[in-house]
Structure formats: C-alpha cells, structure tokens
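Trainee: Read off the chains here:
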Amino acid sequence: EAQVTQNPRYLITVTGKKLTVTCSQNMNHEYMSWYRQDPGLGLRQIYYSMNVEVTDKGDVPEGYKVSRKEKRNFPLILESPSPNQTSLYFCASRREGLNEQFFGPGTRLTVL
Amino acid sequence: AQKVTQAQTEISVVEKEDVTLDCVYETRDTTYYLFWYKQPPSGELVFLIRRNSFDEQNEISGRYSWNFQKSTSSFNFTITASQVVDSAVYFCALNIGWGSNYKLTFGKGTLLTVNP
Chain A
1 EAQVTQNPRY LITVTGKKLT VTCSQNMNHE YMSWYRQDPG LGLRQIYYSM
51 NVEVTDKGDV PEGYKVSRKE KRNFPLILES PSPNQTSLYF CASRREGLNE
101 QFFGPGTRLT VL
Chain B
1001 AQKVTQAQTE ISVVEKEDVT LDCVYETRDT TYYLFWYKQP PSGELVFLIR
1051 RNSFDEQNEI SGRYSWNFQK STSSFNFTIT ASQVVDSAVY FCALNIGWGS
1101 NYKLTFGKGT LLTVNP
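Respectively, the protein sequence lines represent chains A and B. Counting from 1, position 76 in the first sequence corresponds to residue 76 in our numbering; the numbering is continuous, with no gaps. In short: position in the second sequence from 1, add 1000, done, that's our numbering.
Calculated from the structure, these hints are not laboratory results. Honestly, I wouldn't trust all of these hints.
[As the list claims (entries may be wrong)] Heads up, simulated EDC-like pairs for lysine to aspartate or glutamate below, C-alpha to C-alpha not over 20 Å straight-line: (1) B:K1103 with A:E30; (2) B:K1003 with A:D38; (3) B:K1038 with A:E100; (4) B:K1038 with A:D38.
[As the list claims (entries may be wrong)] Using C-beta positions, here's what the derived DEER-type ranges look like: (5) A:T22 with B:G1062: 31 to 41 Å; (6) A:P39 with B:N1067: 25 to 35 Å; (7) A:D38 with B:V1046: 13 to 23 Å; (8) B:E1056 with A:L112: 44 to 54 Å; (9) A:D59 with B:N1067: 20 to 30 Å; (10) A:D59 with B:K1016: 38 to 48 Å; (11) A:E30 with B:G1043: 19 to 29 Å; (12) B:Y1064 with A:R95: 21 to 31 Å; (13) B:N1101 with A:A2: 15 to 25 Å; (14) B:K1070 with A:M50: 22 to 32 Å.
[Unchecked claim] To be clear about the criterion: a stretch of chain B counts as covered by chain A if any three or more of its residues have a C-beta under 8 Å from a C-beta of chain A, and this derived list gives those stretches: (15) 1039–1045; (16) 1103–1115.
Remember, it's a predicted structure, so these values are computed and weren't measured experimentally. From the three backbone atoms N, C-alpha and C, an ideal C-beta is built for every residue, glycine too.
Whole structure, please, built from the sequences with the hints as guidance.
Mentor: Printed below as a string of structure tokens:
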C-alpha cells in the first residue's frame, strides 16, 4: 500500500531533550516536506527536500533540522525542543511532475 | 507571495442542512493549483479535490461540490444535506506548481460542526 508513515505518532518530552521524528514513504517520491499545524494558523511548511541531499528552508525553519540521506526517509530533528514547538507535525511527499501531495498521519508533539 | 483566506473560523449547522465553506486566494501566478483537505477529529489530512487554474468547471462528487471562480479568486466548497460525519476542520490550500518548491499555502481552516 502506498503510504507515508511517521513515527512516533504521539510524543511528550521536556525542554532541551533532542528528538527525531521519522518520516518514510514507499512511493519513490523525489519531493518531501514537513509542515506544522497550530490552532488558528493552519499548516506552515518547515523544511522541504527536492531529492537526496537537497534540502531547503520553508517558512518556519527555526529550531529544526532535516536530512535526506535516502530517498525514502526525511527525518525532522529538534536539537533542543522548546514549548513553542508543541504542535501537530505532518510529513508529505510527491512525485516529480505531479501535483498531489501525500500526507502522513501526523505526529502530535508536546514539549513541557 | 501566495495567500489563502478562509474567513469562516467556525460553522455550526443541523444535520441535512446545506453548508458552504468559503475560500479566497491570492497569487500573481497564472498557473496554480487549489486544494481542499478534510481533517476529522482523528487528525489525519484527507485529500478531497485538486483544481488547476485553467479548469474553471465546477465539480460535484456525491454530496460535495466545488465552485471555482477566477474572477473573484474564490474556490468555495458546498456540502449538501450535511451529516454528522462531515464534522471536521476543512482546509483550502494553494500552490503554484512547478518552478516553486511545491509548497502548499494553507488557509487557517474552518471548523464545521454538524449537529444531529
């Protein structure tokens, strides 16, 4: 089944404790991205990747890192999480030349 | 820069009523795509429709219909005979396709509550 998976789905952590949210897609898509969703703000793009080893900032990249060492994986790294990074995070992927993005199920992160 | 406005923050209706969710967009590009997503209480994003800027035909899918009007930069979504299962947050989104990073610009969402 074609899908985007994220892990973990739920995470409660404390300020400053490094964490990684994984994202994996099995559709051989070139493009992947991360969004965060906050009440009253909709979804905003954090980072995106056009292909392996090609990443760039979205609209709200501060406090986040990403890497794209393999085509299927696009982890989101929070080196020192802070409470303002409490949010619902979505990973998405799309195939080059097509304009439909496939979203993962979301990761609900709480930073205390 | 792109912008999507969903002026209705919350809508509450009684089952079987028709309801229209408004979406107004801004872009300078002539080629762009518009989307609607549904986010039920479980949290996942469910793709509903994609429309490109060259296709102004309205679309109907069961109880759902979409009205795209370039003249007013609107892409409104109507649910006919609403049901409790339609209760969700609905997002309108825009991207300008190739040549960009394919970023989706989302509206802030409209929370629809359908009461029995």
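Trainee: Could you run down the list of hints and mark each one as holding or not?
Mentor: Now the hints, each set against the structure:
1. B:K1103 with A:E30: Between K1103 of chain B and E30 of chain A the Cα gap is close to 14 Å, so the pair holds against 20 Å.
2. B:K1003 with A:D38: holds (17 Å)
3. B:K1038 with A:E100: holds (15 Å)
4. B:K1038 with A:D38: Measuring from Cα to Cα gives roughly 16 Å; hence the hint holds.
5. A:T22 with B:G1062: 31 to 41 Å: Between T22 of chain A and G1062 of chain B, where Cβ atoms are some 36 Å apart, the hint holds.
6. A:P39 with B:N1067: 25 to 35 Å: For N1067 of chain B against P39 of chain A, whose Cβ atoms are near 28 Å apart, the range 25 to 35 Å holds.
7. A:D38 with B:V1046: 13 to 23 Å: Check passed, 20 Å falls within 13 to 23 Å.
8. B:E1056 with A:L112: 44 to 54 Å: holds (49 Å)
9. A:D59 with B:N1067: 20 to 30 Å: holds (29 Å)
10. A:D59 with B:K1016: 38 to 48 Å: holds (40 Å)
11. A:E30 with B:G1043: 19 to 29 Å: holds (27 Å)
12. B:Y1064 with A:R95: 21 to 31 Å: holds (25 Å)
13. B:N1101 with A:A2: 15 to 25 Å: holds (22 Å)
14. B:K1070 with A:M50: 22 to 32 Å: holds (29 Å)
15. 1039–1045: With 3 residues close enough to chain A, the hint holds.
16. 1103–1115: holds (count 6)
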